[in-house]
Amino acid sequence: MELAVLSLSFVLFLALGVPVAFAIGLSCLATFAVEGLPLATAMQMMVSGMNVFSFLAIPFFIFSGELMLHGGIADKILDFARSMVGHMKGGLGLANVMASTLFGGVSGSPIADTSAMGGVMIPIMKREGYSADYAVNVTTHASLTGALMPTSHNMIIYAFAAQAAAGTIDGHVIRGVSIGDLMFAGLVPVFWIMVCMLIAAYWQAVRNGFPKRADGSSMLERFPGWKAVLTTFIAAIPGLMVIVVILGCVMGGVTTATEAAAIAVAYSLFLTAVIYRTMSKDKLIKSLKKASKTTGVILLLIGVSNMLRWQMAYLEIPDAIEAALLHATQTPWLMLLYINIIQIFLGIFLDMAAHILITTPLFLPLAMQMGVGPVQFGMMLLLNCALGLVHPPVGTVQFVGCAIGDISIGEATKTAWPYYLAIWIAINLVTYVPAFSTWLPSIITGHPVF
Amino acid sequence: MDLFNSINARLSEWALRAASVCLAALGIVVIYGVVMRYAFNDAPPYVEQVALLLVISVAMFGAAAGVHDAGHIGLDSVVKLLPAKGQFWCLFVVELLTIAFAAIVLWGCEHMATSTRHDTIPTLGISEAWRYVPPMIAGVLIILFSVKHMLALFTKKAAA
Amino acid sequence: RNFRSADVHSKDFPTNMAVKFMGDELSKETGGKDNIKVFGDSALGSEKDTVEQVKIGAIDMVRVSLASFNGIVPESMIPSFPFIFRDLAHFRKAIYGAEGDKILAAFDKAGFVGLAMYESGSRSMYAKKPIKTVADMKGLKIRVQPSDLAVAMVTAMGASPAPMPMAEVYSGLKTGLVDAAENNIPSYEEAKHYESAGVFSETMHVMTPEVVVFSKKVWDTLTPAEQVALRKSAKASVAYYVTLWDAKEKEAKAAVLKGGAKIVPASEIDKASFVTAEKPVWDKFATTPELKALVQEVVNVK
Ligand code: NA
Ligand code: NA
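Protein chains in written order, with this note's numbering: chain A, 1 to 450; chain B, 1 to 160; chain C, 1 to 302.
There's no promise every hint is true.
A partial selection of chain B residues facing chain A, derived with a Cβ cut-off under 8 Å [to be verified]:
| hint | residue |
| --- | --- |
| 1 | LEU16 |
| 2 | ALA19 |
| 3 | LEU23 |
| 4 | ALA25 |
| 5 | LEU26 |
| 6 | MET60 |
| 7 | VAL93 |
| 8 | THR98 |
| 9 | ILE99 |
To be clear, the hints were calculated from the coordinates, so they are not data collected in a lab. For every residue, glycine included, the Cβ atom is placed at its ideal position computed from N, Cα and C.
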């Protein structure tokens, strides 16, 4: 009964067009009312869900991403990528993939990445004879890597959701998950996603003969020479250094992972205001306002997700799902396949923050029983959630990309499959090859990572 | 009507400015904490709690401004399939539901603030109830902004 | 009824086992009418969240550290005073006896029913080097829980307190963000802090107990027989808990030694130097005559 109220009201509210955060909140409140639980407790869980110390990193990473965007760091990264691969077949597509991946590391956010890279690249690509759907899909899918970068606020959300993780893997007792381990775990998968995406973008470009202008002419960019590549690379380094600064602060014992996000803001401000001198007072205020609003949207989603998490625990739903899945299979690879399929399905409805908070307590204990540790599971989950950002109906990154490219969601979806496939391959590599995500952090931190 | 709209626009702008000031203060207080601990071996114990109060302010004021500018993520593909009249009522119900949610936020947070007013926040010594003040303000703002959207719906309908 | 009880520890942790045991006892006492369902792993929220839920009556019971009540029930601070207990025997006699009952009774006016307290070992300092006298603490950056009492305690030792969430302590110790931290042996083991802070000095400065608390709102709807049964089964769970906890401490101690940690035994610690430093902290937090009297009572337990 309670479960029916919870799920049906959510679907109804969503279909009516109620924003996702309010839809989750209202369906929870309806369930609270049906059970006769005090509504004040729902509010308490909402506020306490937002009031988590490690979540301070969320406004900081969002703010530093905005500073990098308005301060022109995105352009420098783009210049480098273009000078390197812009002259090849489908060159602007390849440059877009590279630049989106690199700026994903700077912003840590697929949406910020899409608006930054898409804003510059999609119009240029359209002008130079690439179809709009190609330009949009390349940008949106490559931007997803931001979710796995050390600057990713979604990683912070996952680390919080996974803090109750407990179990034994390979004889090692596991309690919770370290943000430091996670920060390194994403780098290898990101590299491979970039490779897969480059292949997909190249293949699509060759197949369609891009670039191909309306008048039939086709002009490839001229290779500017290795000297130009080096010059543009050097110009892009300070922006990319933000990753090194963050990891350095944490590894060097200067700050905690949360505080490192504040250092990222200070660094971005210093870089854009003092070094590049591209930051003006107006741009700073604009960045502050934009970051505040985005923080509000994301933290409200986190708050209501915490409300929902409480409601589900109270109704003992996680136990029921665990029992049902264990009844369905005990074979690890099959269980992981089921989990991935359910995740993709949930990605249809849920936005990333809500998706992470709601599904971690459902599936992490199961994954750990199957020998998958919290770091590896985190990468699986983040990738699955990220993929949900580019497929309809609730695909926020796809919304942004399509709005910039001025095409419908349907047009973009039709030709998205090669990139979708590229990321799906990466998800499976992460799922079935633990070393893919755990090797680098264990080498760097010197302790075993699972 | 125009006055109501301009008051709302101003309130939203103020909410966003308040959120921006809190965000800037948040950055300053956290970095101050790092510097004091790392360079002077003297970590101010209140940083964590001040930061938590600031972040809830950024989030709630930002979220309220998000309602004013219709910035919250939702799904409109189903509603778009409906005829104009159906669309109007769907949008109307959405605003109504948003008002209901904000009203419960206001009521529930008031309740929590009353329940926790005698508890103190560690290292700050002020009442726990302060944590619930920003969401209460946001609740009021969201109600106002949704009423504005609702009135705009009727104006648009009358014009059509 | 099936009372819902929240806990932040995993399902097989002694606190959860003890509350489950309490449920079994309760079921026996009430002829199967009442029982307790334990929600572990912070499923219903943090300690602070769940305390508030118990107050409002959303859930029925909670097991938390007594420190969670420091801002709510002033009496709850007393067992967390540094060095208020001479040793474990003193702690057990006071907390499982009349003084403990007085502290539990103080929960009533804050809207709670205090049912039982469980020991949680003693917290000791650990760092890369041994800490034998209060002089060894000078200038060290110590991670403390974000609480006024913990901050004051570490400051009184001449060290510099760095409050930070537990989740960040492991990497904090490893990278040198903090020089030392303090906790009981099972947490030292479970959080793997021994990997980077390999010397555990048994300063045994604080013995904060756990507490099992019932919602006053729900309590008032129960029959007197149910209330008696709840109190009785709560008391019965203490002995069961102590057995589990003892085993847990022994296991943890063996595990950290195996993991390469060194333990400086309590006999090598200049405890007197610490006690002198910490006395002013008691006066700072026992602000009313009633609190001062209760402190004296606890101290006087022989
Ligand atoms: Na970010
Ligand atoms: Na989606």
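Original post:
Can we keep the THR98/B interface hint, with Cβ of chain A closer than 8 Å?
Top reply: holds, 6 Å
Original post:
Holds or violated: is there a CB of chain A closer than 8 Å to the CB of ALA25/B?
Top reply: violated, 11 Å
Subject >> Interface hint outcome for VAL93/B [beta carbon to chain A under 8 Å] >> reply: Constraint on VAL93/B satisfied, holds at 6 Å.
Original post:
Any CB of chain A closer than 8 Å to the CB of ILE99/B?
Top reply: This hint is violated: ILE99/B lies away from chain A, its Cβ roughly 10 Å from the closest one there, beyond 8 Å.
**OP:** May I ask you to test the interface hint for ALA19/B with respect to chain A, counting a Cβ-Cβ separation under 8 Å as satisfied?
**Re:** holds, 4 Å
Subject >> Interface hint outcome for LEU26/B [beta carbon to chain A under 8 Å] >> reply: Holds: closest Cβ of chain A sits about 7 Å from LEU26/B, inside 8 Å.
Original post:
Does the interface hint hold: is LEU16/B within less than 8 Å of chain A, judged Cβ to Cβ?
Top reply: holds, 5 Å
Original post:
Against chain A, with CB atoms and a cut of 8 Å, does the hint on LEU23/B hold up?
Top reply: holds, 5 Å
Original post:
Do the numbers back the hint for MET60/B, that is, is its least Cβ distance to chain A under 8 Å?
Top reply: holds, 7 Å
Checked against the numbered hints given earlier, this structure breaks hints 4, 9; the rest are met.
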